[in-house]
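Participant: Here is how the chains run, residue by residue.
There are 2 protein chains.
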Amino acid sequence: MKDVALLAGVALKTVSRVVNEEPGVNPATAVRVREAIERLGYRRNEGARLLRSGRTASIGLVIEDVGDPFYSGLFRAVEDVARRHGSLVFAGSSGEDPVRERELVLAFCARRVDGLVVVPAGEDHAYLGPELAAGMGVVFADRPAGNLAADTVLVDNRGGARAGTAHLISYGHRRIAWLGDSPAIFTAAERLRGYRTALAEAGLPYDPCLVASGATTTEAARAALDRMSALADPPTAIFTGNGRATIAALRALGPRRYALAGFDDFEPADLLGVTVVAQDPVRLGHTAAGLLFARLAGDRDAPREIVLPTRLIPRGSAERPPA
Amino acid sequence: MKDVALLAGVALKTVSRVVNEEPGVNPATAVRVREAIERLGYRRNEGARLLRSGRTASIGLVIEDVGDPFYSGLFRAVEDVARRHGSLVFAGSSGEDPVRERELVLAFCARRVDGLVVVPAGEDHAYLGPELAAGMGVVFADRPAGNLAADTVLVDNRGGARAGTAHLISYGHRRIAWLGDSPAIFTAAERLRGYRTALAEAGLPYDPCLVASGATTTEAARAALDRMSALADPPTAIFTGNGRATIAALRALGPRRYALAGFDDFEPADLLGVTVVAQDPVRLGHTAAGLLFARLAGDRDAPREIVLPTRLIPRGSAERPPA
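These protein sequence lines map, in sequence, to chains A and B.
Everything in the first sequence is counted per UniProt numbering, starting at 1 for the first residue and increasing by one.
Everything in the second sequence is counted per UniProt numbering, starting at 1 for the first residue and increasing by one.
Derived from the structure by calculation, the hints contain no laboratory data.
Among the clues, some could well be false.
Taking CB as the label site, the calculated pair distances span [to be verified]:
1) 3(A) with 123(B): 29 to 35 Å
2) 257(B) with 182(A): 27 to 33 Å
3) 98(B) with 204(A): 44 to 50 Å
4) 98(B) with 40(A): 39 to 45 Å
5) 254(A) with 251(B): 22 to 28 Å
So, partial list: chain B residues that the calculated Cβ filter (under 10 Å) puts toward chain A [to be verified]:
6) 67
7) 71
8) 77
With a cut-off of at most 25 Å between alpha-carbon atoms, the simulated SDA-like pairs for lysine to any residue come out as follows [to be verified]:
9) 2(B) with 40(B)
10) 2(A) with 39(A)
11) 2(B) with 112(A)
12) 13(B) with 112(A)
13) 2(A) with 13(A)
14) 13(B) with 134(A)
15) 2(B) with 110(A)
16) 13(A) with 130(B)
17) 2(B) with 132(A)
18) 2(A) with 106(B)
19) 2(B) with 56(A)
20) 2(B) with 135(A)
21) 2(A) with 134(B)
The beta carbon of each residue, even a glycine, is placed where N, CA and C say it ideally should be.
Work out the full structure: start from the sequences and follow the hints.
Facilitator: Structure, rendered in structure tokens:
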């Protein structure tokens, strides 16, 4: 700024007025200052200014994997809302590791983000108590916080899995395999509960031999289906617990003519004719970021929990009787 | 910090020593300070500390769309490299808008990021000259910078499209349609050049009636294919210029039995049996971020340009003669 003042032949205070768009500067002088700024490549240090204001116009987003289509859709929605509020987004991947989640969250806090949207990997978020008490906005998305009262946006995982499984049952299937993520993950556990509820409601027994948790790779899905096919009473249909498990199961099916429905829509499931229970990552991100910026705007109501619905999309893979 | 000093019954300087892990503090005193920190929920203001150090341990990433699978794969790779260097990532979507690209870049610069990885939407990056001169690291990925000498990592778009088109020609196709993005986008223009090169090398004429630029939605692809099918000499094969165009063309094909190859691999192209020219977004991100952190570590060599290869993956959709 001193160099700008020197080159423009004005006082330091005048440069400051021009940069901060304060009144009281002769227009010709302002032009001279701007030219000097341009020639010297001067940039205002936003960091220092924001530190004084107490806000950084930035938020932090912790998701499982910034490269995963579900979470990157959520990210895009959070970014769109943040942009409307003039805020930038730090984003990072927890990789389902509670330690990494906490590291990222605290690193964002150390950068003094105004707020956080967190898809939690861990189950204990008491460590965020001081930040919440200090007025930082924190919203949990996709999974609830542990040991912390905070705004939360979830999806009706149980209801969606129940509807998908019931859909298969309605076509006459009585032996339905479950392939999904580890039930250590909140969403996977909820979906497995929905699957069991649908079986119970149809008077069908729950058979652990038909459940493969952690079968989200092609190899694991193939091993699970090989094992189940060899049963005396093999499955005739599969319900998959997320998009990765659906693709893994499709790759592993081979000549087996099992009906299939899966949790999570994915592009291009329509071209593959795959029936899915769709959740909406964009709506999840919009809702979570909307709650966050409402808090930052002064909303002091008790923490809210919002549960978003799912939608069954029949496309052919599930709509057939047992082979 | 004053509250911590009061609660621990020590001088402010002692708290500062403990927080900054400086020597000269009695271990028992240090424990007392840490307990006070824990009870009060005190967090070090990383912003102020980093401002003094001149580094912010953060980088900015500008991509076309954080929600697009190609760019989110690139993001994940950049994040992995940044993490190894203890750095956080601001990320934002330009949406192919040069004004938004510049807004994001300058907003990241105003937060004093240590460096930038930019997939440019615009064609003039002279505005980044002052940042480069001031020692900020800037690497362009996927597309080159305009009016600025900077490190750049590209993909062999022309060679890849040429190989994909030649592959279709090798199965006897002489009328090959092009469906892709607008040639205003660098990568689309390069791929269209590769397509034309392959035609010329096979002695085939370039027919503008077979070229649909901007056909990356199902509607646009359907309109283009309907128009081309009605030609006296319709196409027997399609080369698509990116993943979105490939999916759009597959949806728009209907009963038409055209052979098809596309630029960009996508999940699950294997299940659809789609032949692709794959580029590697993870390698692109790793390479770009690697160059960036080499600059930040003091590399002062002349700007580099690295061109990554593509890979043809035959899966059945292209490997057949004209219907």
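Participant: With reference to the structure, classify each hint as holding or not holding.
Facilitator: Structure-based check of all given hints:
1. Separated by about 30 Å at the C-beta atoms, residue 3(A) and residue 123(B) satisfy the suggested range of 29 to 35 Å.
2. Remark: the range hint 27 to 33 Å for residue 257(B) to residue 182(A) is contradicted by a beta-carbon distance near 44 Å.
3. Between residue 98(B) and residue 204(A), the C-beta spacing of about 58 Å breaks the proposed range 44 to 50 Å.
4. For residue 98(B) and residue 40(A), the Cβ-Cβ distance of about 24 Å falls outside the hinted range of 39 to 45 Å, so the restraint is violated.
5. Taking the beta carbon of each, residue 254(A) and residue 251(B) are about 26 Å apart, inside 22 to 28 Å as hinted.
6. A least Cβ separation of about 3 Å between residue 67(B) and chain A falls short of the 10 Å threshold, and the interface hint therefore holds.
7. Hint status for residue 71(B) relative to chain A: holds, with the closest Cβ pair at about 8 Å, below 10 Å.
8. This hint holds: residue 77(B) has a C-beta 8 Å from the nearest C-beta of chain A, less than the 10 Å allowed.
9. For the suggested pair residue 2(B) and residue 40(B), the alpha carbons sit about 11 Å apart, so the restraint of at most 25 Å is met.
10. A hinted pair counts as satisfied when its Cα atoms are at most 25 Å apart, and residue 2(A) with residue 39(A) qualifies at roughly 14 Å.
11. At roughly 19 Å between alpha-carbon atoms, residue 2(B) and residue 112(A) fall within 25 Å of each other, so this suggested pair holds.
12. For the proposed pair residue 13(B) and residue 112(A), the alpha carbon gap of about 23 Å is at most 25 Å, so the pair holds.
13. Proximity of residue 2(A) to residue 13(A) is assessed by CA-CA distance (about 10 Å); at most 25 Å being required, the pair is judged to hold.
14. Between the alpha carbons of residue 13(B) and residue 134(A) the distance comes to roughly 24 Å, so the proposed pair stays at or under 25 Å and holds.
15. Using a Cα cut-off of 25 Å, the hinted pair residue 2(B) and residue 110(A) holds, with the two alpha carbons roughly 18 Å apart.
16. Between residue 13(A) and residue 130(B) the CA atoms are separated by roughly 23 Å; this keeps the pair inside 25 Å, and the hint holds.
17. Taking the CA atoms of residue 2(B) and residue 132(A), the gap is about 20 Å. The hint holds against a cut of 25 Å.
18. A distance of roughly 21 Å separates the Cα atoms of residue 2(A) and residue 106(B); the hinted pair therefore holds under the 25 Å criterion.
19. Between residue 2(B) and residue 56(A) the alpha-carbon distance is near 23 Å, which keeps this suggested pair within the 25 Å criterion.
20. This hinted pair checks out: residue 2(B) and residue 135(A) have alpha carbons roughly 19 Å apart, not beyond 25 Å.
21. Between the alpha carbons of residue 2(A) and residue 134(B) the distance comes to roughly 16 Å, so the proposed pair stays at or under 25 Å and holds.
Of the numbered hints given earlier, the model fails hints 2, 3 and 4; all others are met.
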